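Participant: Residues per chain are reported as follows:
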Amino acid sequence: MTARLARTVSSAALVLLTAACTNYYEIPIETPIRPKLDVSAFQRVLVAGFVSGGTDDVDANLETTRLLRSQLRTKSELRVIDTDVLPLMDVANESNSQGSGGSSATSTQAPIKDEKDLEPYERVFANVEYWKKVGEEYQQPLIVTGTVMFTPHQRNSIVQREEEVYDSFGRRRVVPVRTYMERKGYILRPKFIFIDGRSGTVMHSENFREEILYNANQTTPALSSYFELMDRLIPSFLSTLSSQKIKGTRILLQ
Amino acid sequence: MRFQALLAAMLFTMAASPLAADTRSDAKKQVEFGISVAQKGLWREAIYRWERATEIDPTYAAAHNNLAIAYEHEGELNKARAAYEKALQLEPNNSYIKQNYELFKEINDRTTRKDGQ
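Protein chains in written order, with this note's numbering: chain A, 1 to 254; chain B, 1 to 117.
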């Protein structure tokens, strides 16, 4: 009895000693993140539109333009210009046909299914004269444009999931089970290009890639997947233009 | 002769121990004060106190850890990284410091991420 009491007292003392040795204080912090791009010269921002492709289920051009405008309206100090999206594919087709005497116009009108199909359109972003003209029209704003690929994706792989099992006494247990599964989803690959509306030149560009996969028998609307993927990269997009504060907690030690 | 050397070593240890204890005790006072002001939102004062603590006792991991947090709060991310790394170098198995550093790296990587990497 005395030995058991001694053991209990000593283990309690050990716990108390451990707690006493590690004095810590949880404290909330806000980490300010400086913007990657100096946009202090601009008062306005024009999300001009995007060259998009991948699937017909979502109009990635319209949806991205709408989403970025609404995010910038609430989370940046720049005034967002509300206007129709620019017909970038037509502009690219026009400049391509001019460049090659009209012969390649048909080749760039095919639907964009993959990254390779985007290539003929990429030249539009380097068209300084065009962007300068757009800049003059909208009082020399910061112009946001680029490409958005939203493509269906399928992958068969080994997935770990949890399964309920009951032992001989009827007790429930959850065990991890590895199974080979067919999975379907989407890949979102946007490239955001920031153009100086005063000079028409590209200031900065950023590529992103996000992917989501569901069980093959799960039916998730393409638009929901699109927003889920965009949600992941919006903070990075915003941190290019405006300073952000990231809230968190840390442990102060004594 | 051997006895004299042993005696000298013992005397040195006895003299050095209170010195080290005093150093840690002085640094600890700065750390404690830093914590109390940080909890009131006075982060610049906290930085001053924790910098003092690391000057007094450069081996005090907690002081480096707290300093890193304060730098992080002020947006001085390079200084924060250096302070976290120093704290971890001094106490590599301290789970609190490791956790703070992981959270810091997540934010820092996001800000330095370029071209979809």
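Quick caveat, the hints were computed from the structure, so don't treat them as lab data.
Fair warning: there could be bad hints in the mix.
[Stated by the list, open to error] Straight-line Cα separation of at most 25 Å, PhoX-like style, residue types lysine-lysine; simulated pairs:
no., chain 1, residue 1, chain 2, residue 2
1, B, K98, B, K79
2, A, K75, B, K105
3, B, K98, A, K245
4, B, K105, A, K36
[Claimed, not checked] Residues from chain B that face chain A, not an exhaustive set, calculated with beta carbons under 10 Å:
no., residue
5, A21
6, I35
7, A38
8, E45
9, A63
10, N65
11, I69
12, G75
13, A82
14, P92
15, Q99
16, E106
[To be verified] Calculated from the model, a selection of chain B residues having no Cβ within reach of chain A, i.e. all distances over 10 Å:
no., residue
17, E32
18, Q39
19, L42
20, E55
21, T59
22, E72
23, E74
24, K79
25, E85
26, K86
27, L88
28, N94
29, N100
30, R110
Just so it is clear, the structure is predicted and the values come from calculations on it, not from any experiment.
All C-beta atoms, glycine included, are put in the ideal place defined by N, C-alpha and C.
Participant: Now tell me if each hint is right for this structure.
Facilitator: Checked hints:
1. K98/B <-> K79/B: With Cα atoms ~17 Å apart, K98/B and K79/B stay inside 25 Å; holds.
2. K75/A <-> K105/B: Holds, because 24 Å separates the two Cα atoms, which is no more than 25 Å.
3. K98/B <-> K245/A: holds (22 Å)
4. K105/B <-> K36/A: holds (17 Å)
5. A21: Violated, because the Cβ-Cβ distance from A21/B to chain A comes to roughly 16 Å (cut-off 10 Å).
6. I35: holds (5 Å)
7. A38: holds (6 Å)
8. E45: Since the shortest Cβ distance to chain A is 14 Å, the answer is violated.
9. A63: holds (8 Å)
10. N65: With a closest approach of 5 Å, the N65/B hint holds.
11. I69: holds (4 Å)
12. G75: With Cβ-Cβ at 4 Å, under 10 Å, it holds.
13. A82: violated (16 Å)
14. P92: violated (15 Å)
15. Q99: Cβ of Q99/B sits 7 Å from chain A, so the hint holds.
16. E106: Constraint on E106/B satisfied, holds at 9 Å.
17. E32: Its Cβ does come within 10 Å of chain A, the nearest being 6 Å, so this is violated.
18. Q39: violated (7 Å)
19. L42: holds (12 Å)
20. E55: E55/B is indeed farther than 10 Å from all Cβ atoms of chain A, at 18 Å.
21. T59: holds (14 Å)
22. E72: E72/B not clear of chain A: closest Cβ-Cβ about 5 Å, inside 10 Å.
23. E74: violated (8 Å)
24. K79: holds (13 Å)
25. E85: holds (16 Å)
26. K86: Consistent with the label, K86/B stays out of reach of chain A, its closest Cβ about 13 Å off (over 10 Å).
27. L88: The claim holds: L88/B sits with its nearest Cβ about 12 Å from chain A, beyond 10 Å.
28. N94: violated (8 Å)
29. N100: The claim breaks: N100/B does not keep its Cβ more than 10 Å from every Cβ of chain A (closest is about 5 Å).
30. R110: violated (6 Å)
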